Structures are given as structure tokens and as C-alpha cells.
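Residue numbers (full-length UniProt numbering), protein chains in the order written: chain C, 1 to 310; chain W, 1 to 271.
These are calculated hints, taken from the structure and not from any lab test. All values derive from a computational prediction rather than experimental measurement. Do not take every clue at face value.
Calculated pairs, DSSO-like style, for lysine-lysine (alpha carbon to alpha carbon, straight line, at most 30 Å) [stated by the list, open to error]:
1) K162/C to K212/C
2) K160/C to K212/C
3) K269/W to K5/C
4) K30/C to K266/W
5) K297/C to K272/C
6) K197/C to K269/W
7) K266/W to K5/C
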Amino acid sequence: MIEIKGLYKRYHNHHGSDWVLRDINLTLPKGVSVGLLGRNGAGKSTLLKLIADMDTPERGEIIRHSRVSWPIGLAGGFQGSMTGRQNVKFVARVHGGGYDVHDVIDKVEDFAELGDAFDEPIRTYSSGMKARLNFGMSLAFDFDVYLSDEATSVGDRAFKAKASKAFKDKVGQASLIMVSHSEGILKELCQAGVYLKDGQATWYDDINDAIKAYHEETNPTAKAKGTSDKAMPAPAGAGKPTASLTFVQANQRRIKARARLDAAKLRWEQGKADGLPEPQLAELQQAFKRARNQLHKAKQTVQELQNGEG
Amino acid sequence: MVQPTNPESTRRGRTPWQVTRSVWYAMFMREAISRTMADRMGWFWMIFEPAAFTMIMVAIRGFIRGDQLIVGADFIPWMIVGMMGFFLVREGMLRSLGAVDANSALFAYRQVQPIDTVLVRTFLEGMLRTLVFLLFIAGGLMLGLDIAPDDALLAMSFWFSLWCLGLGLGLIVSVLGTLVPEVAKVVRMLTLPLLILSGVILPLNQLPHWLLEYLMYNPIVHGIEILRLGFFEGYVAVHGTSGIYFWLFALNCLSLGMLLHVRFVKRLKAK
Numbered sequence: 001m002i003e004i005k006g007l008y009k010r011y012h013n014h015h016g017s018d019w020v021l022r023d024i025n026l027t028l029p030k031g032v033s034v035g036l037l038g039r040n041g042a043g044k045s046t047l048l049k050l051i052a053d054m055d056t057p058e059r060g061e062i063i064r065h066s067r068v069s070w071p072i073g074l075a076g077g078f079q080g081s082m083t084g085r086q087n088v089k090f091v092a093r094v095h096g097g098g099y100d101v102h103d104v105i106d107k108v109e110d111f112a113e114l115g116d117a118f119d120e121p122i123r124t125y126s127s128g129m130k131a132r133l134n135f136g137m138s139l140a141f142d143f144d145v146y147l148s149d150e151a152t153s154v155g156d157r158a159f160k161a162k163a164s165k166a167f168k169d170k171v172g173q174a175s176l177i178m179v180s181h182s183e184g185i186l187k188e189l190c191q192a193g194v195y196l197k198d199g200q201a202t203w204y205d206d207i208n209d210a211i212k213a214y215h216e217e218t219n220p221t222a223k224a225k226g227t228s229d230k231a232m233p234a235p236a237g238a239g240k241p242t243a244s245l246t247f248v249q250a251n252q253r254r255i256k257a258r259a260r261l262d263a264a265k266l267r268w269e270q271g272k273a274d275g276l277p278e279p280q281l282a283e284l285q286q287a288f289k290r291a292r293n294q295l296h297k298a299k300q301t302v303q304e305l306q307n308g309e310g
Numbered sequence: 001m002v003q004p005t006n007p008e009s010t011r012r013g014r015t016p017w018q019v020t021r022s023v024w025y026a027m028f029m030r031e032a033i034s035r036t037m038a039d040r041m042g043w044f045w046m047i048f049e050p051a052a053f054t055m056i057m058v059a060i061r062g063f064i065r066g067d068q069l070i071v072g073a074d075f076i077p078w079m080i081v082g083m084m085g086f087f088l089v090r091e092g093m094l095r096s097l098g099a100v101d102a103n104s105a106l107f108a109y110r111q112v113q114p115i116d117t118v119l120v121r122t123f124l125e126g127m128l129r130t131l132v133f134l135l136f137i138a139g140g141l142m143l144g145l146d147i148a149p150d151d152a153l154l155a156m157s158f159w160f161s162l163w164c165l166g167l168g169l170g171l172i173v174s175v176l177g178t179l180v181p182e183v184a185k186v187v188r189m190l191t192l193p194l195l196i197l198s199g200v201i202l203p204l205n206q207l208p209h210w211l212l213e214y215l216m217y218n219p220i221v222h223g224i225e226i227l228r229l230g231f232f233e234g235y236v237a238v239h240g241t242s243g244i245y246f247w248l249f250a251l252n253c254l255s256l257g258m259l260l261h262v263r264f265v266k267r268l269k270a271k
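With the hints as extra help, turn the sequences into a complete structure.
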């Protein structure tokens, strides 16, 4: 069980600092896997770091009644100049006690499937390889709670499947607190959900409810944006005065006209530079002007359609 | 609450001391490998650097002819002892300077504290320097130099004391140098003048009294002079050398360094 009481966190920077997390009160029960949801910058990774005790909150406290892993994922934990094997050795020794270092190394080597790269310095690793190693390492220890910060997102298909299987095998012995933008994985592995928004956390007993809440936040805003956004072609309404063209078609025409105009202009200027005789130049100029008029018309059509639909 | 589910789980409740010890062990093995194996010829430079330094200094001093100014000790052993003592302090300080930054990735594991990196590095450095010093003594004896310590106990205790001073300074600069990068630059700059001001190459004895009054604020001088007293029985140390002053300074550095680490542990980890 992990209790979070009155947690406040902010990062100091040069231009003031806003609360990333504001008065978070949660109790994460033992044996229940929790998915953390929220938009980028909502404080998911910060909360995870705080739970892992990598960072300290401004106010409030986190009480851990169980063995919590480090946040498994993209961020750090490796010394770049040391090989994968040496890093694993280090972590195994830090966790000390009953762990047999060689046993841990064998397990990790087996799981991460890095081959010869296991004895190369970490700085030569790709992000996917680092994630595999970090993931494999965390599985070699018996934690009660695993913290995962997009741990599986960089891996390839086979690794993702392996990782989810590894987590599923741990069900019953260990639970999971995971940050992920992949809803499939969240639904697959988590039972409960926490939704972070504006520094506040809301607990949902069912991960599906949390995902729904997350969608409700993101979708209405997207819709509101879509109507005002030119780039986003709004669906043509049925009740409107039907123009001969749809918006998309008109827009395509405009783009083509623009291309024609550019080509005509280029030809005309090229002709001038090459010193072509006067009648030929006049012809090119005429072509340019025609193209300009066409573009103008196309633009007007687009404008009208847009106003009509808006 | 937590019930052990398998016999392995007995490791669950490790005491803070056990945790710290396993962190020190892990860090020591790591640092030892990267210090001695990482660069090519790491071992060679560790021994060759002071050796080359001694040879250059001996050549220069032989040219200037200042040997007779030292009372009660031969010049070359006198300088080797001083230089080793000074390097012990200097390396303790400089190695600590980068310790926190170099290991910042490892603070992902909450067992690892910033102070551990400094302690482990300084300890390793002390061990290596001791080994190199012993090699030098053995080599010097074989070459017929009078470098065997006359009062081994005093020599050893002040070798250890100098290490403590290096650790104290290292603890302080590791915090300040990490939080304020400018401090690190100043500290690096200070080491060369300190080499001269600490009486490693030139004996301080013949300097005017008014200047000596200021130079003797430097604790390294006291440490080195007493270390030399341990090596050479009839040696006349610089006037005003005081073991008490040295130890007060070292203890103050140690406590200030530890206080700084306690005070700024969060900021060091967050870096």
C-alpha cells in the first residue's frame, strides 16, 4: 500500500513556478495495478518520481508500506561509460541482501536479449536497448510495486508482448503503477486508474472510467478547435446551399491554380532573362495574368465555401 | 501489512546501515574498475606521474642548489614525502569535485545518496595513493635513499590525518562545486598555487617571518611538516607547526562538509 497525503510539488525555474501537483491525496491499495492518465505535462512522471523517492515534494508526504521499484522507463539510471553488465552488477549490489549477483545478471541478460551489446558501454545503446535492459533489471528483483513510465513504448513488438507477459506473471505477487499513452496496455494490465488534470488527481476504481474521463477532457476541446481551424476540413452539412464543389475539392483547385501561376511566372521571368523577342514575351505575360485570375477565382470559391459552412 | 511470501523475503527489512554498506560496496567496485581499468595505462600513470614530477623537481633543484636549506633530511626523500602528502589532499579534493555529477544517474536508486559518492571516491583515492606511496618508499630504499620512516606511527597517523583533511575539503567542494559551478573552477585554479605555498617543493623555513605568519594558516603545511617529522628523526619543521591546528581545521571541514550534504541533499539529487 502506498499512501499519498497532501502532496504539493513544483519545479523552480527562472520565470516563476506553478504547482505541477497540488494537494494530491491518494491511497494506492496493495495488489491493485493503477494506470496514470493525463495529458503531456500533467505531472504523471513527476508523481511517479515522487513515489519512487527520486524527488522530494514541497509539502506533504508519501508513505510506502512495500518495496517500490525505481521508475522503469526512458529516464536514466545508467552510467553511460560502464557496460550493461557492470551497471546490472552495480544495481544488484546496491539491492544487496539475499540477491546473488551472478543470478541477477543471468536473469537480466536472458530477458533483455541484448547479445554482445551487453558488454558494450551504455552510451552506445539505442533507447530501445536501454529500455529493455532497465526493464529486465527491474524484473530480476522482487518488488511489491513496479513503477513503469512508458517502459514498453520504445520496444519492438516482440519485446512489448514479452513485457506485458512478464507483468501478467507477476500478478498476485506484485502490482504496477504505470504511465502510458497506449490505452490497450493500460486496459490489459491495470484495474484502477488515476486521472491527473491541472495538478489534481482523481481516483477511478475502474481503469475504463479513467480512460473515459481522459477522453472527455481531450475530445470537446478538439471539436471546438476543429470548427475554427481552416486546416481541418469540416464535414459538409446537408442543409446548406449546395455549391457545385465541396470545400476539399475547391481547396485542391486553389492549390493547383497556385502551382500553375508559379509555373507561368517562372516561364515569363525566364523569358525576360533570356531576352526573348517582344511578341513571345507578351504571350507569356498574358498566360501569367490568366493564371493569376484563375487563382483569384479559386481563392474566392474557397472563401465562400468556408463562410457558408462556418 | 507486508507479509513475507517466500523465504527470500527476509531481506525485506534491511537496516539503514546494511543498505549504506551495500551501496558503498557497489560504488567502490564500480569506481575501482572505472578508475584503474577504464583508461588505457591507468595504473602506469598513477605511478609514473609522481615519479616524473619528482625527477623534474630534483633536476630543477639540483640546478638551483637549494638542498642545503633543509635541516635534518635529504632533499629527495623530503620532497617525495611532501609531494605524496600534498597529492593525497589535492586528489581527495579534486576527485570529490566531480563525484556527484559523475554519478547523478545513479540517484535513480533511492538507496544511493550524494555523500556516498564522495566518501567512496575519497576512500578509493586514499587507498591508491597509499599503495603508490608504499611503492615509492620501497623503490627509494632500493635506490639507497633514506626514506624509511623513523617514527612509523607518527607517519601513519598523519598520513591518515591528511586523508581526513582531503575528505573534509572534498565534502565541502563537492556540494558547493556542484551547486555553483564557478566554485569548481576556482578550486581547480587554486591547486597549483597551493602546491608552492604548502612547502612541497621549496622549504618555507627561510621565508621572512611576516610572510610565514600568513602561510601558516594553510593547514596542509602543518600536515605535511608533521608527516616529514615522522619520516626524518632530526628534521627541523617550519616554526609554528601545530598538530592541534591541523586537526581542528580538518574536523571543522569534515563537519561543515557533512552539514552541507545534509542541508543540500535534495538539491544535489534533483540536479
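Quiz prompt | Restraint check for K160/C with K212/C, where alpha carbons must lie at most 30 Å apart | solution = With Cα atoms ~24 Å apart, K160/C and K212/C stay inside 30 Å; holds.
Quiz prompt | Given hint K266/W paired with K30/C - CA-CA distance at most 30 Å | solution = holds, 28 Å
Quiz item: Holds or violated: K266/W with K5/C, Cα cutoff 30 Å?
Solution: holds, 20 Å
Practice problem: For the pair we were handed, K269/W and K5/C, check the Cα-Cα distance against 30 Å. | Solution: Satisfied, since the Cα-Cα distance of roughly 22 Å is no more than 30 Å.
Quiz item: Given the proposed pairing of K162/C with K212/C, does the C-alpha separation stay at or below 30 Å?
Solution: holds, 28 Å
Self-check item: K297/C paired with K272/C [C-alpha distance capped at 30 Å]
Solution: holds, 27 Å
Exercise. With a cut-off of 30 Å on the C-alpha distance, tell me whether K197/C and K269/W pass.
Key: holds, 27 Å
This entry satisfies every hint, going by the numbered hints stated previously.
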